[in-house]
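Visitor: Just need the whole structure built from these sequences, with the hints factored in.
Residue numbers (my numbering), protein chains in the order written: chain A, 1 to 171; chain B, 1001 to 1272.
Just to be clear, a hint being listed does not mean it is correct.
As the list claims (entries may be wrong) - Residues on chain B that point at chain A, a partial pick, calculated with CB under 7 angstroms:
#, residue
1, A1014
2, I1015
3, E1020
4, M1026
5, N1030
6, L1033
7, Q1034
8, W1037
9, A1086
Said to hold, decoys possible - One side of the interface only, derived from the structure: several residues of chain B facing chain A at Cβ under 7 angstroms:
#, residue
10, L1010
11, G1012
12, F1016
13, I1017
14, L1019
15, A1023
16, G1189
Think of the hints as simulated: they come from the structure by calculation, not from any bench. Just so you know, even glycine gets a beta-carbon here, dropped at the ideal spot from N, CA and C.
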Amino acid sequence: MKVNQHFGILYTLLVIAQVILCNYAQLGPYVMLSMLPAMVFCIPVSVSTIGCMFIAFASGLAVDWFSEGLIGLNTAAILPVAALRTGMVRVFLGEDIISRGDRFSFRKNGVAKISAALILSIAIYLGLYVILDGAGTRPAWFNFTRLGVSLVCNYILALIVTDILTPDERK
Amino acid sequence: MRKGNIIYGLIGAAIFIILEVAALTMLSHNAQLQRTWISSGIQGVMGSVWGFTQNISDYFSLRKSNDELAQENFELRLKLAKAEEALTADLKAEIPAGSSVGEYIYIPATIVKISNNTQHNYMIVGKGSNQGVVEGAGVITGKGAVGVIDAVSENYSYARSFKNHEMSISARLGKEGAVGPLSWNGRTGNGAILKEIPHHVEFAPGDTVYTSGYSSIFPPDIPLGVTGASKIVNGATYEIEVKLFEDFGSVRYVTVVENKGQVEMKRLEEEQ
Chain A
1 MKVNQHFGIL YTLLVIAQVI LCNYAQLGPY VMLSMLPAMV FCIPVSVSTI GCMFIAFASG
61 LAVDWFSEGL IGLNTAAILP VAALRTGMVR VFLGEDIISR GDRFSFRKNG VAKISAALIL
121 SIAIYLGLYV ILDGAGTRPA WFNFTRLGVS LVCNYILALI VTDILTPDER K
Chain B
1001 MRKGNIIYGL IGAAIFIILE VAALTMLSHN AQLQRTWISS GIQGVMGSVW GFTQNISDYF
1061 SLRKSNDELA QENFELRLKL AKAEEALTAD LKAEIPAGSS VGEYIYIPAT IVKISNNTQH
1121 NYMIVGKGSN QGVVEGAGVI TGKGAVGVID AVSENYSYAR SFKNHEMSIS ARLGKEGAVG
1181 PLSWNGRTGN GAILKEIPHH VEFAPGDTVY TSGYSSIFPP DIPLGVTGAS KIVNGATYEI
1241 EVKLFEDFGS VRYVTVVENK GQVEMKRLEE EQ
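Guide: This is how it looks when you write it as structure tokens:
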């Protein structure tokens, strides 16, 4: 229970940090920084997929609402990550975590497995974000470049976010 | 347990769809570019779905359509034989080939989607600019005039149905009678009202109403329906109820008809 309360506070603070990031960290047309995919992926597996979708919807909407972007863009992009989160945890981290309602961390599950799941989450989010943001007006090379560059930047950011949201029990 | 999982999965999928649609709706309401893109995407998908369901429906109604076409063929052959018999050899040589007859170009098409239950009905015709359809062309069948093309995309056209309050056709009472606007009565599937017929004109219930040819859209002498009850309006003109030949609930195969002189006529009207 204590862990969940901490998670809620940390998650809320990260949403606020994401709003600040959207408003003040403009790194050019090819880089789009977002912590949302990692945040949604790190929601405890004891929270159901439906609950996870509602949390993702609320956080996406909060980021859209308080930042200078298009309302609905982050929300639409983050929802598939929430919908597929349980499946990704099952595939990359194993069935045990879901059946026990356990938490995962870099120490317990390894950086490689969590990284693979994070990269897929970010790719799903960015893929939708780039397509919806471009609305068919930007060339494919631009979209792919933006996706690739943002994926690398967001992966680094996601490692930090995951470390914050899923601390090792030994710490 | 397994059944519970399936139900939970279905509920999850439904909630995902609802939330995603809500997000996309917010996005399209807040950005013009995204609105246009999402709308065109939805229209593309809906067009494919309509086309697919229409193909299935067409397949199962082939027998009925064949019977109707055979009957229509028979009537046309009969008319052609009579016309050929009446023509002299010189006139026969002058008849042009192709789908263009006189001032009109005819393009066969199918109805992909039709709306019949509102006051502003429309239809989507399965031919577009790639097949030569232009805005302002008429849509006819062997049983009457059914609409006018309002907008054209590459492979589809949007036509205002005759069953639309904004639509009227110039119609003639009999082949030589008085001319007036014919419009849908707004109540029944095959009811229309012919207006502005001078009160001295003689007619009887059951007389046929044809297109007059006075509009630049429809060719003359297309049978539209038969007259029914009538009343005098403002002591000057008749309003005549007309029962249309066309059943809008089952119309599938149509002909788009384009008047080659329509643009020139419109330009002339605008100059005056």
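Visitor: Taking the hints in turn, state whether each one holds.
Guide: Hint by hint, here is what the structure shows:
1. Annotation: interface hint on B/A1014 violated; nearest CB of chain A at approximately 10 angstroms, more than 7 angstroms.
2. The interface hint given for B/I1015 holds, since its Cβ lies 6 angstroms from the closest Cβ of chain A, which is under the 7 angstroms cut-off.
3. Among the interface hints, the one on B/E1020 holds; its C-beta lies about 5 angstroms from the nearest C-beta in chain A, closer than the 7 angstroms criterion.
4. Because the closest C-beta pair between B/M1026 and chain A is about 3 angstroms apart, less than 7 angstroms, the hint holds.
5. Given hint, B/N1030 at the interface with chain A, holds; its Cβ is 5 angstroms from that chain's nearest Cβ, closer than 7 angstroms.
6. Interface restraint check: B/L1033 against chain A, minimum CB-CB distance 5 angstroms, threshold 7 angstroms, status holds.
7. With its C-beta approaching chain A no nearer than about 5 angstroms, B/Q1034 sits inside the 7 angstroms limit, and its interface hint holds.
8. Look at B/W1037: its Cβ gets to within about 4 angstroms of chain A, closer than 7 angstroms, so that hint holds up.
9. Using the Cβ-Cβ criterion of 7 angstroms, the hint placing B/A1086 at the interface with chain A is not satisfied: the shortest such distance is roughly 59 angstroms.
10. Checking B/L1010 against chain A by beta carbon gives a least distance of about 11 angstroms; that is not within 7 angstroms, so the hint is violated.
11. With 7 angstroms as the threshold, the beta carbon of B/G1012 comes within range of chain A, its nearest partner Cβ sitting at about 5 angstroms, so the hint holds.
12. Taking 7 angstroms as the C-beta contact cut-off toward chain A, the hint placing B/F1016 at the interface holds, the least distance being around 5 angstroms.
13. At a threshold of 7 angstroms, the smallest CB-CB gap from B/I1017 to chain A is about 10 angstroms, leaving the interface hint violated.
14. Checking B/L1019 against chain A: minimum C-beta separation of about 5 angstroms stays under 7 angstroms; hint holds.
15. Because the smallest distance between the Cβ of B/A1023 and any Cβ of chain A comes to about 4 angstroms, under 7 angstroms, the interface hint for this residue holds.
16. The criterion of a C-beta within 7 angstroms of any C-beta in chain A is not met by B/G1189, whose closest approach is roughly 41 angstroms, and the hint is violated.
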